[in-house]
Amino acid sequence: MILAEQEESRILVETENLKKYFKVAGGQLHAVDGVNLRIRRGKTLGIVGESGCGKSTIGRTILRLIEPSGGDIRYEGKSIINLNNSAMREMRKKMQIIFQDPYSSINPRMSVIELIAEFMIVNRQYATKAQCFNKAAQLMDVVGLARRLANVYPHELDGGRRQRIGIARALSLEPEFIVCDEPVSALDVSIQAQILNLLMDLQKEKGLTYMFITHNLSVVKHISSEIAVMYLGKCVEKATSAQLFEEPKHPYTKALLTAIPEPDIAMRKKEIIVIKGEVTSPINPKPGCRFAPRCDYCQEICWREEPAYKEVKEQHFVACHFSG
Amino acid sequence: MTETILEVKDLEVQYKTELETVYAVNGISFRLNEGETLGIVGETGAGKTTTALSVLRLLPERVSFIPKGEIYFQGQNLLEMKENELRKIRGEKIAMIFQDPMTSLNPVMTVGEQILEALIFHRAEKAEKAELEKRVDEVLTMVGIAADRKADYPHQFSGGMKQRVVIAMALACEPELLIADEPTTALDVTIQAQVLLMIRNLRDRLKTAMIMITHDLGIVAQTCDNVAVMYAGELIESGTAEDIFCAEKHHPYTEGLFGSIPSLRVYTERLNPIAGLMPDPTERNPGCKFAPRCPKVMAICRSSHPEDAVENTHRIKCHLYSDGITDPRKEEERL
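Keeping their order, the protein sequence lines are chains A and B. The first sequence stops at residue 324 when you use the working numbering, and every number in between is there. The second sequence stops at residue 335 when you use the working numbering, and every number in between is there.
Any given hint might turn out to be false.
Using 35 Å as the maximum straight-line C-alpha spacing, the simulated DSBU-like pairs for lysine-lysine come out as follows [said to hold, decoys possible]:
hint	chain 1	residue 1	chain 2	residue 2
1	B	K296	A	K206
2	A	K269	B	K129
3	B	K88	A	K270
4	A	K78	A	K23
For the record, the hints were derived by calculation from the structure and aren't laboratory data.
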């Protein structure tokens, strides 16, 4: 029993001081700036933040689809940062990604079944092509695509079905870890709920581990076991889903949570913490706390010193000078 | 008694191409009083934007047709108006804000010139240029932009700021009706909160009537007095915000919409989405549009189109309520 628990809490993916800077005209754009994350096997880590906070860059950097500028990424405890191309290709069978807009990530001239079989054929997952197509047909059942759609082209399908293709492709190599980069953001709510249910069912069935990137707070709360809140390349707060929504500590998280319009008219009187101003530039950021220019509680120290990312409660990390 | 500012009666809109006819709006009726806000909520393809565009008569020419219906603005039928009469209403009495601010801003004009342009067009005979310039400063300040930024071009503003410029433009002529089509969909949550708060405050101060088109039930709950739920070109449920968010009886589609949103307060293991997809808008079936996806479907739903069941302000277009929208408690008493 204890063994099983240890097994469950084992860390599958871990980043240490992960950095990604992009060279731009004005200097260095700090897209991801020293992020430490741990994702447990079979769990979902939600990454939430507004546009430009570096959440998609993190997802891609972890898969080394873009190379990190510094720090370490470990998969099952082993660093993958120095793996060569062919070793990385092997790794990627275990680590997959689902994109926001599946239409821009698939070849419009391939039919549904070809798209789903593509990775298996390229990676010689099965001995013959026929076997790959067989498996692809089974995957269509798994993700809820009717088999009669096998020979249609993606432009004939709606967004929800296209996203199901994206999911089937990500599943085709039987990965353990999937980065879901805004997989439901382009979909209508009723279709969004279908896809969320599918992702959660698949997780239960196959023991998948997700990193779920989104800007939608109610979605992230629903699907995640843990949530990391990002602001301008930094993880400002991380806690279990329940803890974060009950006791947000960072001023940014607090504002973010009250900013959501809730479908409940009793909440009309809810006091909204409106943060002043807009996100400052991530190019050559100034020292000190990134949130300081917009923060209501900002003190002199916030401009001078960058707050440490510390554990204020069990499993609850915050990077703020004035938290707990 | 407040006056009705806008009344839409049995409006139908179709888009015709050589190949097919799209039935975008199929007989909707609603009424908006002065100073009130109506939320039109629905998913992609429900006909929300088409409804808004037909009020302003901005539907694409040649492909769009309004075979039936009347739209009364302050007692005048907009659909029978001539183009030059309409121009006095568009922008001056009815203004519209679109989802993507960049599509309604001219990239090669400064934002000040663009606001001024609207004022000159609608107000020139009444005022001097200097006065109009002053008005530009006023509206910019009103939406929270420093007046000295009026010499900047749209690309120098962020998404949230651009949307503020568009709102300033829309409000410059003090319209009596403001139609906002997904005004905050392209914005981040914290910026959305800023813009929504601003829209609400301005509306309350200027007493502008408003139609808020959105797919987000949260926005509707926080900003609207009345709500209309659209599905496949029909208003399937409407009423006051209390009717939609507090009453017990709803259209199965409305129930599905609520079941699809993950709650922030209650933990749910699974969402209850609506199965299937929106029907093909090029087909017309005799029955209820929602029947193929409805979990409570009955035989009659497939053959006959439901009428509105009405209880005070609450209307539901569903056969389930053909005996009226009675409270379950009252029903028990009756039994």
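query: Taking only the CA atoms, is the gap from K88 of chain B to K270 of chain A under or equal to 35 Å?
result: violated (40 Å)
message: Need the status of pair K269 of chain A, K129 of chain B: alpha-carbon distance at most 35 Å?
response: At roughly 42 Å apart (the allowed maximum being 35 Å), K129 of chain B and K269 of chain A break the hint.
message: Need the status of pair K78 of chain A, K23 of chain A: alpha-carbon distance at most 35 Å?
response: holds (29 Å)
- request: Measure nothing beyond the straight line between the CA atoms of K296 of chain B and K206 of chain A; if it is 35 Å or shorter, mark the hint as holding.
  value: Holds: K296 of chain B and K206 of chain A sit about 33 Å apart, inside 35 Å.
Taken one by one, the earlier hints fail for this structure at numbers 2 and 3, listed in ascending order.
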